[in-house]
Every structure is written in structure tokens, then in C-alpha cells.
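Could you put together the complete structure from these sequences and hints?
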Amino acid sequence: MPGCAALRCRASLLALAFLGGSLQGQSPAPHGAIIAVSNELGHTVTLIDARTLKVTRTIQVPQRPRGIEFSPDGNRIFVALSDPQKNVQTSGDAIVSIDVASGRINGVFPAGSDPERFAITPDGRRLYAANEDGSWASATDIASRKIIATLIVGIEPEGVAVTPDGRWVYVTAETSNSVSVIDTRANKVVANFLVDVRPRAVAFSPDGRRAYVTAEIGGSLTVIDTRTHSITHTVSLEGRQGKPVGLAVSPDGKWVYVANGNANAVSIVDAERNAVVGRVLVGKRPWGIAVSPDGKTVYTADGLSDSMSVIDARSRKVIATVKAGRQPWGVAISP
Amino acid sequence: MYANAALLGRQPPARSLGGVLSGAADDSVVLWGSTLERYGASQINDRYRARYRIGMDGAAWAGWAAVKIAAEAALRTKSTDPAKLIEYLESSATSFDGHKGWPLSFRFADHQLRQPLYVTTRTLAPGSQRFHDVPELRGRAADGRVEQPARLNQMLDRLIASPTAPRCRWSRGL
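As they're listed, the protein sequences go chains G and X.
Every position in the first sequence, counted from 1, becomes a number in the numbering used here once 109 is added.
Every position in the second sequence, counted from 1, becomes a number in the numbering used here once 309 is added.
It should be emphasised that the hints constitute simulated quantities derived from the structure, not laboratory data.
There's no promise every hint is true.
[What the hints assert, rightly or not] Label-pair distances were calculated between CB atoms; the ranges are: (1) Asp-419/X to Pro-231/G: 50 to 58 Å; (2) Asp-366/X to Ser-253/G: 43 to 51 Å; (3) Thr-341/G to Ser-400/X: 17 to 25 Å.
[What the hints assert, rightly or not] Examples of chain G residues lying across from chain X (beta carbon under 10 Å, computed): (4) Asp-242; (5) Glu-283; (6) Gly-328; (7) Val-332; (8) Gln-350.
Heads up, the beta-carbon is just placed ideally off N, CA and C, and yes, glycines get one too.
Next comes the structure, spelled out in C-alpha cells:
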């Protein structure tokens, strides 16, 4: 890719990795044991022990971190980094992997310019990233650390999710109000459809039959039938004024949790009825949201509170608030 | 909408807005500014600057938004039939995103676009105007709930209503 001197980029990122955090050993996590928060202003990733809710490590990253995901085996955390230069790809634009055990950056993956959100295929072989300042999505082969496809999607692409069977990738685009469907076998865009105004994040139900898309300006959750790639329901949230961004589906597929950045609240949507059944107040401007693998706990990254809220899914109450870094953006939990 | 852009281009003082805003005399109300960042504003500003080598001003934003709204209306209705487009644009269920963090909609009575405006203070160095986002005037209940859109639209209607504003009419001959 133009401007990405991969070797120099890797060297500088690795050098910086050694400057961050303490490097005492930390063994790879059992299921749902570690929560990772990306702090976009602080340029850090906070690791939190899910049982004790204590911060176990703060990892410095060289650029602004946003999208954050664990690898399917739970050994690595992938983080999308963007440099401050818009419309230009520099060595600062990349997705890096952090070794959970050591807290060190152990891989740098080119992912086009200004990567924001991304998804990892269930086999752990590929990354699909949205390039916000372009109108494309990049597919990166993790083993060779090479971009294998650049796909034209909507304008200002944002949300990315891969179906549980790895067959399809959905990419939302904020300005064109669209979702592009990528066939991962051919690495081609096979469909585009419109959703509610200013779509942000996308997630699939565990059975892959439904997709959910938040619409920030529309103030809603769009429900999509993935067999036909068409909309079945549009669920209004917070009087359409909540600016919903992040969303997560419970492992049993029964609940969809949506972080409303402007309402400082999480909406709980019953996936069977496509209706809002609960509301939980969290910190200020929640964007990132994740559900524990057992479905019992929901976490939000509260951007303007510099904290993470911990919600008990059964009582639908915040049971703890954990201090994170400056301006938390995303949150992920080890699978 | 474009007529409004021209009007605002003349930068009436903020206090002309019925005393709702009590800015200094050199404050002006603008449709858009090239240094806006929130709600995706930096993305459209960057794209515009990369393409045209100048900052996006209010008139440029209005031109862009007009084309975007027309294109979206055609895509959403799957039609270029004026009657269908008018029905869609007039509908209270229709809204658009103009990178202002607020749903844009057309007031049925006179087809004015309900939208956030910005109050900019020119006492700072050129190129460093501070923009104030008018919808931030909204109230917020103690439990964090935000106001309902109908009430907010009423508030915006008060803000943009002016006896001197030109009356827009759809031309059915287009």
C-alpha cells in the first residue's frame, strides 16, 4: 500500500511497545477472564480482570486506538490505530496485535488508511477493516500480514462484522446510509442496501440469521434478515434522540444491548419481539459495549467519564464502575 | 434551503434570532464552518478540502446537502417522480444526516430545513473561530433522558422562523 513502509512501521511500533506498561507475565486468559478497553485520547489499552474488576495492566500504544477485538483463541488483542493525518496513509495507520500474556505488541497488520472498526473471521485467519476516510474496506491475511483485497463499499465506512460461519461480512457506511455485503469466499461486494440514517456498528445473532445495525441519527436499531439481506424491523431507541453507536448480542441471541452515546444509557432489546424491554443508565457517552461469554455481564466504554460500566444482565443494574484511560472508545472481552 | 444559505452568508448578528442567543455584536450565525469536527464534520471537511483545496463554508455545505438529500430521496423512494419525492420530503417520518449531529427534516408548513446552526465568534485569530452548536441549548431531564423530537423541532422552528425569511415552495415542474 502506498506510504506504508511496513518494516519501518513494525520497527517503530515494536520499539514503542517496549516503553509501555509493566511486562510481568500474565498467563493466557480462560473464557471471559479479561476485559480490554481502548482509550482513544490516552493512546492506551486498559486490561481489567473480569472477576476482581481490577486494572491489571495499562498498555501504551503509539497512535489513537479505537476498534478492539480478541483473537478467536483469546491469546491476542487486535487494536485499530489511526494517526492524526486524515486522508493519508502513514505508518501510524495499522491494526496491531497485543500478546495478552506479555502485554507487548507482537504484530502489525496493514489495514488501509484510518482503520476504525474491524472484524476477525472465526478461523482467525483474516481481518476485515473499514477505512473511514476512504470508501473502502480492506481484507488482511493475518499470517502473511498482507492486504489481500480492497473493496469499494459506502461513503465513510464504519461498522464491520463477520457472520459466525465466516461466510459474509457486513460493512456499514455513515454518509451513504448503506450496508455492503462482502462474500468472503470471493472477496467481492455482492449486495448493498439502505438502512436507517447514519449507521454505525453492526453485529450478528449467534445463529447468523439476523444482523443488527445501529443508526446514530435515525436513533434506531435496524434488524436485517441475512438470508435475503433485507430489513425486517426498525426499533426506535430513546425517542430517536439517543445517538446509538455500539451494540452487542447476548450469546443465547435473546437480547441486543445498544449503547446510546447521547442518552448515557444502554437499551435492552428483546430479540424475539424486536422491542425495547429495559434501560440502564451508565457513564457519559457510552460507545463500545461487550457481553461476557456466559451472558451474565455487559460492559460499556464510557467515553466522557473515562470509565467502564459493569452491568448485571439479570438485574439490569450497574454493579460497578471501573476507571479506564482517557476517553474509552471500545471494549472487548476474551472469548 | 439554498436561499437560507445566502441569507446566512450575510452573517446577521446573533441577537437577531429573537433574543434566544445573546452573543456579542460580532458573533455571526453560520450554516457550516470548515473547522467543525464533531458528528462526522471533520470527515466531510477533510474530504472537501482534499478535493477543492479550500475550506467548506455554509454555501458549500448547503450545495452538498441539497444534492445529498435529493439523491437519498430518490434512492429511498426508488423513484424520480416529483410527486413521490415531495411526499417523502414532506413526511414527518423522514430525516436526513448533514454531519451536524442532528436529524434534518423539512417543516411541512413552509418547507424550511430544520437544522442546527452555529454561532461563531470572530474575536479570535482568523481560522480559529469557536463554533457553538445551537441544539446544545436543549434541556435534559435529571435521569439522562433526552427530549422528544417533536418538542425539539418546535424549538428549532422558533429559532429559524423569521418574518424576513424567504418562503420556499417546491416547483412541481422539475
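Exercise. Can the suggested window of 43 to 51 Å be confirmed for the beta-carbon pair Asp-366/X and Ser-253/G?
Worked result: 46 Å, holds
Exercise. Holds or violated: is the Cβ of Glu-283/G closer than 10 Å to a Cβ in chain X?
Worked result: At 6 Å from the nearest chain X Cβ, Glu-283/G passes the 10 Å test, so the hint holds.
Problem set entry | Gly-328/G as an interface hint toward chain X, with CB separation required under 10 Å | Hint on Gly-328/G: holds, closest Cβ of chain X at ~7 Å, below 10 Å.
Exercise. Is the distance from the Cβ of Asp-419/X to the Cβ of Pro-231/G consistent with 50 to 58 Å?
Worked result: 54 Å, holds
Exercise. Against chain X, is Val-332/G within 10 Å by beta-carbon distance?
Worked result: Val-332/G check fails; min Cβ-Cβ to chain X is 18 Å, beyond 10 Å.
Exercise. Can we keep the Gln-350/G interface hint, with Cβ of chain X closer than 10 Å?
Worked result: The hint holds - Gln-350/G has a Cβ within 10 Å of chain X, the shortest such distance being about 4 Å.
For this session: Kindly confirm whether 17 to 25 Å is satisfied by the beta carbon distance between Thr-341/G and Ser-400/X.
Result: The hint (17 to 25 Å, Cβ to Cβ) holds, given that Thr-341/G and Ser-400/X are roughly 21 Å apart.
Problem set entry | Hint status (Cβ of Asp-242/G to nearest Cβ of chain X, threshold 10 Å) | Interface hint status for Asp-242/G: holds (7 Å vs cutoff 10 Å).
The structure shown violates just one earlier hint, number 7.
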